[in-house]
Amino acid sequence: QVQLQESGPGLVKPSQTLSLICAVSGGSINSADYYWSWIRQPPGKGLEWIGYIYYSGLTYYNPSLESRITITIDTSKNQFSLKLSSVTAADTAVYYCARVGRGTGVAAGKRGVFDYWGRGTVVTVSS
Amino acid sequence: DIQMTQFPSSLSASVGDKVTITCRASHTISSHLSWYQQIPRKAPKLLIYGSSSLQTGVPSRFSGSGSGTDFTLTISSLQPEDFATYYCLQSYSTPRTFGQGTKVEIK
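Residue numbers (the numbering used here), protein chains in the order written: chain A, 16 to 142; chain B, 5 to 111.
The shape of chain B in the complex, shown without the other chains (with noise of 0.2 Å):
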């Protein structure tokens, strides 16, 4: 199975900061990496696939990067409702793997 390792696991931010978080795959998968936000007792919600494209309907404040073995996913200025926990998912392989998700809370 291929490992997503997320860091950091959470992180403290305000409003209007930049926040970028960082996936890991123990193995290459290319550009087979997509990142979801998921809001407390939501469902997750598709913010970026293959790496850097953005998903319709998200705001252009994210933004991702990366293949092979590390990836980012930049928020570009922080909002009120940026607030959430946010995965990696790697679909290079089965088992699909999700990384343990970052927390991202208000300073």
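Chain A with its partners taken away, still in its complex shape (with noise of 0.2 Å):
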């Protein structure tokens, strides 16, 4: 069973870089048929795709964050991290890491498919 964990610091001060982690277990995030995926939700909003990343390194972003993401990931440690900077009031959410199906080999069909998710971290924005 896949399992992921994000952490990371909970409040963070504006115009600060936010930074998290999320660890991967049950399964190699070195595989070549998922993504892997930050999402956030504002508090008593919906749901926003920040941005993937490939073992490669490759990655996708939503354009409207792209200026200020860094998504990496770190295979020796099973592990990938986001950093969101010059943060304001508006980047506090519940912040979700997820693995995502490439369509290929064994997520075939499953292209873009969110099949597991951390249970999230709250980070707060604010002085």
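There's no promise every hint is true.
Stated by the list, open to error - Straight-line distance between alpha carbons at most 25 Å, and here's what the computed SDA-like set of lysine to any residue pairs gives:
(1) 49(B) to 118(A)
(2) 60(A) to 99(B)
(3) 28(A) to 78(A)
(4) 49(B) to 94(A)
(5) 49(B) to 14(B)
(6) 46(B) to 140(A)
(7) 98(A) to 76(A)
Stated by the list, open to error - To give a feel for the contact side, a few chain B residues facing chain A, derived at Cβ under 7 Å:
(8) 38
(9) 50
(10) 53
(11) 91
(12) 98
(13) 100
(14) 102
(15) 104
(16) 105
These aren't lab readings, by the way, just hints derived from the structure by calculation. In this text the structure is predicted, and so the values were computed from the model without any measurement. In this text, a Cβ means the ideal position worked out from N, Cα and C, and glycines have one as well.
Reassemble the complex: the two chains are provided individually, in unrelated frames, and hints are given to aid placement.
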């Protein structure tokens, strides 16, 4: 059973950089059949896709956040990370990480499907 | 970007009712649509992918249909554990976009 666990500071000051890690267990992040993604949910609102990364380091970012986002992957530690710079109160949200099928191999038929999610971590931007 | 519009935004129903939620895409997305259930303070859970394929372990009372721009999620007989918010997601193109959610409440 694949499990994902987000970690990082729960409070970030405005204009600083938010940094989160997603640790993956029960499966290898070094897989050709999956992307690894970040999603967020502001309080009382819906879900927003932030971006994802492939084991090779190839990334896809939401254009609305692209200028402030960096997603990296560490296959030796089986984890990936998110950095969001110049944060404001609008970045306050629950941040989730998730596994996303590529529609290939063992994920055939599941292109772009978010099949495993972490529990989420609350990040508040406040001084 | 492809906009995903869900309706209704909320509904009230009783245990045993049949519930239908609709998701409409601003451009054709073939069958690249999945549905997620979110119980308050929990992570979303995958229910349906490829518009109509049931994720392993999900009860058969959940079903999905549609292609192109119009999709539906149906719960054939609502159970107490189904009261939640449901989201659709298109995976036809990036950026991936979710519907705004449909909250299913107890009548």
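Hints, verified against the model:
Distance hint between residue 49(B) and residue 118(A) is fulfilled; the C-alpha atoms sit about 19 Å from each other, no more than 25 Å. In summary, the hint linking residue 60(A) to residue 99(B) is supported, as the alpha carbons are separated by about 18 Å, within the 25 Å threshold. Under the criterion of a C-alpha separation no larger than 25 Å, the hint pairing residue 28(A) with residue 78(A) is consistent with the structure, at around 24 Å. At most 25 Å may separate the alpha-carbon atoms for a hinted pair to count; residue 49(B) and residue 94(A) meet this at roughly 21 Å.
Taking the CA atoms of residue 49(B) and residue 14(B), the gap is near 19 Å; set against the 25 Å cutoff, the hint holds. Our distance criterion of 25 Å between C-alpha atoms is met by residue 46(B) and residue 140(A), whose separation comes to about 21 Å. Distance hint between residue 98(A) and residue 76(A) is fulfilled; the C-alpha atoms sit about 12 Å from each other, no more than 25 Å. For residue 38(B), the interface hint holds, since its Cβ comes within 7 Å of a Cβ in chain A; the closest pair sits about 5 Å apart.
The beta carbon of residue 50(B) comes within 5 Å of a beta carbon in chain A, closer than 7 Å, and the hint placing it at the interface holds. With a cut of 7 Å, the hint placing residue 53(B) at the interface with chain A holds, because the nearest CB-to-CB distance is about 4 Å. At a threshold of 7 Å, the smallest CB-CB gap from residue 91(B) to chain A is about 6 Å, leaving the interface hint in force. Residue-level restraint check for residue 98(B) holds (minimum Cβ-Cβ distance to chain A is 5 Å; threshold 7 Å).
Hint on residue 100(B) holds. Least Cβ distance to chain A is approximately 4 Å, under the 7 Å limit. The criterion of a C-beta within 7 Å of any C-beta in chain A is met by residue 102(B), whose closest approach is roughly 4 Å, and the hint holds. The criterion of a C-beta within 7 Å of any C-beta in chain A is met by residue 104(B), whose closest approach is roughly 5 Å, and the hint holds. For residue 105(B), the interface hint holds, since its Cβ comes within 7 Å of a Cβ in chain A; the closest pair sits about 5 Å apart.
Hint violations for this structure: none, all hints satisfied.
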